[in-house]
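Model the placement of chain B on the given structure of chain Y, informed by the hints.
Line order of the protein sequences matches chains Y and B.
Under this note's numbering, the first residue of the first sequence carries the number 926, and numbering increases by one thereafter.
Under this note's numbering, the first residue of the second sequence carries the number 57, and numbering increases by one thereafter.
Keep in mind that the hints were calculated from the coordinates and are not lab data.
Just so we're clear, the structure is a prediction, and the values are computed from it rather than from any experiment.
A few of these clues could be false.
Listed next, the in silico DMTMM-like pairs over lysine to aspartate or glutamate satisfying Cα-Cα at most 20 Å (straight line) [claimed, not checked]: (1) Y:K1162 / B:D196; (2) Y:K1110 / B:E131; (3) B:K86 / B:E299; (4) B:K133 / Y:D1099; (5) B:K133 / Y:D1107; (6) Y:K1162 / B:E131; (7) Y:K1162 / B:E299; (8) B:K74 / B:E89.
Covered stretches of chain Y, as calculated for chain B (at least 3 residues, CB under 8 Å) [to be verified]: (9) 1088-1097; (10) 1138-1146.
Per label pair, the in silico range of CB-to-CB distance [unchecked claim]: (11) Y:A1186 / B:P151: 50 to 60 Å; (12) Y:A1186 / B:R174: 41 to 51 Å; (13) B:L201 / Y:L1014: 26 to 36 Å; (14) Y:T1208 / B:P151: 18 to 28 Å; (15) B:K74 / Y:V1183: 54 to 64 Å; (16) Y:L1014 / B:R174: 35 to 45 Å; (17) B:G204 / Y:A1074: 51 to 61 Å; (18) B:A252 / Y:T1208: 52 to 62 Å; (19) B:G200 / Y:L930: 38 to 48 Å; (20) B:G200 / Y:A1216: 15 to 25 Å; (21) B:A175 / Y:L1054: 45 to 55 Å; (22) Y:K1008 / B:G98: 29 to 39 Å.
Note that the Cβ used here is the ideal one computed from N, Cα and C, for glycine as well.
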Amino acid sequence: MADLLPLLQTAAELGLISSLTVLALFLSYSMLNVCDLSTDGCFTLGAAVGAVVAISGHPYLSILAAMGAGMLSGLVTGFLQTKLGINSLLSGIAVNTALYSVNIAVMGGSSLLNMNKTETVFTRMGAHLAATPLAGSQKLCVAALAVLAVGTLLALFLRTRLGLAIRASGDNPDMVRSSSIDPAKTTLIGLCLSGSVTALSGCLLAQAQKSVNIDIGSGMVTVALASLLIGGAFFGKRRRMPLRICGAVLGALLFRLVYTAALRFRLPAFMLKFVAAAIVVLTIALPYVKAQLPLIRRRFAQRKEAGDAEA
Amino acid sequence: MLKLEHVCKVFDAGTANKRTALDDISLEVKKGEFITLIGANGAGKSTLFNAVCGSFMTDSGRILLGGEDITLQPEYKRAFHIGRLFQDPLRGTAPNMTIEENLALAAGHGTWLSRIGRAERKRFRERLAELDMGLEDRLDEPVGLLSGGQRQALTLLMATIDPPKLLLLDEHTAALDPAAAEKILSMTKKVVSENALTCLMITHDMQSALDLGSRTLMLDRGRIIYDVSGEERKHLTVPDLLEKFKAASGRAMNNDRMLLV
Chain Y
926 MADLLPLLQT AAELGLISSL TVLALFLSYS MLNVCDLSTD GCFTLGAAVG AVVAISGHPY
986 LSILAAMGAG MLSGLVTGFL QTKLGINSLL SGIAVNTALY SVNIAVMGGS SLLNMNKTET
1046 VFTRMGAHLA ATPLAGSQKL CVAALAVLAV GTLLALFLRT RLGLAIRASG DNPDMVRSSS
1106 IDPAKTTLIG LCLSGSVTAL SGCLLAQAQK SVNIDIGSGM VTVALASLLI GGAFFGKRRR
1166 MPLRICGAVL GALLFRLVYT AALRFRLPAF MLKFVAAAIV VLTIALPYVK AQLPLIRRRF
1226 AQRKEAGDAE A
Chain B
57 MLKLEHVCKV FDAGTANKRT ALDDISLEVK KGEFITLIGA NGAGKSTLFN AVCGSFMTDS
117 GRILLGGEDI TLQPEYKRAF HIGRLFQDPL RGTAPNMTIE ENLALAAGHG TWLSRIGRAE
177 RKRFRERLAE LDMGLEDRLD EPVGLLSGGQ RQALTLLMAT IDPPKLLLLD EHTAALDPAA
237 AEKILSMTKK VVSENALTCL MITHDMQSAL DLGSRTLMLD RGRIIYDVSG EERKHLTVPD
297 LLEKFKAASG RAMNNDRMLL V
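Isolated chain B, as found in the complex:
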């Protein structure tokens, strides 16, 4: 579904601050695969997502999504096939617009001059009811009044209401309180399995990196240093992961948010 071929990105090239963010990354993600990504601070996890989404153009290499070369496509065009959630729950929604208006923009049906129809309203209401947060009765309220957890749930719904080819989750529960985080995570699992979505998820929680999904990637200094799936992954523990990191990178994992339990 997603294929990266020798993707490179260097920031501040030619200066003293030169930083190789993505160092010849090649990766093939199969349709329906759910991959978790872990790595130290500045390993290139979010940068990898940015490259796939088109937040910046890569220096070299090719990116293919569903067989189509998207390497040079602008960000907004790629967004047609890619859903993305950020750590900051405020990033995915427009605060001064109502829940319904936010959903209408994300759902993307109709022509430029079409208005929100009755059928669409009904659909939004049904999908919001599935979140079980009472949002279905607050369609006309501005999103700015919602809590962080509610906004992230809405963002998840907006990203998946028309199932995307690829769903990218960038520590999307990290800024929420534990109860809300758990709720968002279980919603995520549900929506991913129901739609058989291809999904990449960055997490700082080593245990859930192993519990969730079917494959785990470890990044360090812009390279994929460990790629595990199948039988080997089933028996892996968190200490094993830390050991693998040390063996591959020659130093201990340092991530100020990393959960080692």
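Pulled out of the complex, with its shape left as it was, chain Y reads as follows:
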């Protein structure tokens, strides 16, 4: 039992950090109805930029720099799809591919950066917490604060006029246009915001594990989508916005928890991404298959009847 607690704490830390990416996808996927495939590269970009700035001795600035870089990445993805007429999936893939080179360039030509001796937001927080009962839980504190801040801001933002316009752009762009708002602009702004939050997520993960490697973000979009869908199963479309945002965070935590449990039962660590992909496929496919079920049942019955008649 004693060894379970640190395990749960690690799961909560990682779950909270990745829930930031889930919140970013909540904005781009659930609200804007854009499946942003540049998420992986953007996550790594945040990690790389954050690491480089932190290594140069600016732990707090690293957060802002990572978010700025993520915003820029979102801007490019958005520009490709709204101004250059490139399909939203394709522009995500193109930016994602380009970011691989950009990220290695940011890390100075290397695919691995070490931050063992670097001052990060976590070490700073650790120093602050050293004399308090929370000593040793700086990762949990930083991650929770970040999630709280992003979640609250997102909930408030979605109630503003711009937030409503972003939601409507995913729901009915015609209606946005007839309300004298340019849906291209709202899509662009939405992708910038989600990019910056994705990069924040990557930056925090890198600093928490004290290293970045070029693969840190690979498969992130699927993992986050899986979490988002799990969250949606608890607090779905018809719920109020703050509850849906909590659902997204809950989904990320649950995903981590299930994964941690699976590891305990000797599931090899490399299976994480397979599990994520399976969850995405199952959650999206199940309602469809369920709707087909009556038809399949009737066909089956008919075939059986025909078989009985022959016999």
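Frame of chain Y; chain B shown alone:
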């Protein structure tokens, strides 16, 4: 209020499918005028609306609204002065957002980061109550739960809550059941007369084309072939209209939805 000068639009130019959708259309609509539009399938009625709204750019000609040249303005900018309703009641509203949120976007007050205030909420409630559909008590419900008639009524309210310079109605009651259609039509008449709106309405109902408004246009193959108002229009009957069509176009009116009664 609205002025079209020699507006042309050809689709698929240079191919075998070349289609002249708008053929040198010139039209002047006075402020406060209520015009009904009739015509066969593919005559260019909706295309004319699309040109005015900016759903596509015209090939040549000029479009002026309230004295301002809007020929090259993007669609969303023109929408500031133009309200439009489609036949499909689902097109004008965002289904996963609440009635209040839909109205807030359409009403268009405040800055980007402002939120729906108490005064605005009260205003929405009052205006919804005027529709007499009980929607004022359902502000927090998603629009997707409403019936077609209710959604079209809401769209009408959204298009006119800040009275536009021009209201375009594209067979906006055609997809509704008769009772709902009648209700939407009487709402339309009320809102148009109360705000003295300049309005163009496409209809397939020949009788209401003559009953409603003050002027009727007949379109065929991208041209306005008959334009009637005033004393002459008062004595016009549906058979007269069909006769006029035949005389002007050289063939009988064919519109699969046309009501000849």
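Results of checking the hints against the structure:
no.	hint	result
1	Y:K1162 / B:D196	14 Å, holds
2	Y:K1110 / B:E131	13 Å, holds
3	B:K86 / B:E299	27 Å, violated
4	B:K133 / Y:D1099	13 Å, holds
5	B:K133 / Y:D1107	8 Å, holds
6	Y:K1162 / B:E131	30 Å, violated
7	Y:K1162 / B:E299	55 Å, violated
8	B:K74 / B:E89	34 Å, violated
9	1088-1097	holds (count 6)
10	1138-1146	violated (count 0)
11	Y:A1186 / B:P151: 50 to 60 Å	38 Å, violated
12	Y:A1186 / B:R174: 41 to 51 Å	48 Å, holds
13	B:L201 / Y:L1014: 26 to 36 Å	31 Å, holds
14	Y:T1208 / B:P151: 18 to 28 Å	22 Å, holds
15	B:K74 / Y:V1183: 54 to 64 Å	60 Å, holds
16	Y:L1014 / B:R174: 35 to 45 Å	42 Å, holds
17	B:G204 / Y:A1074: 51 to 61 Å	43 Å, violated
18	B:A252 / Y:T1208: 52 to 62 Å	54 Å, holds
19	B:G200 / Y:L930: 38 to 48 Å	45 Å, holds
20	B:G200 / Y:A1216: 15 to 25 Å	18 Å, holds
21	B:A175 / Y:L1054: 45 to 55 Å	46 Å, holds
22	Y:K1008 / B:G98: 29 to 39 Å	33 Å, holds
In this structure, the earlier hints numbered 3, 6, 7, 8, 10, 11, 17 are contradicted, and the remaining ones agree with it.
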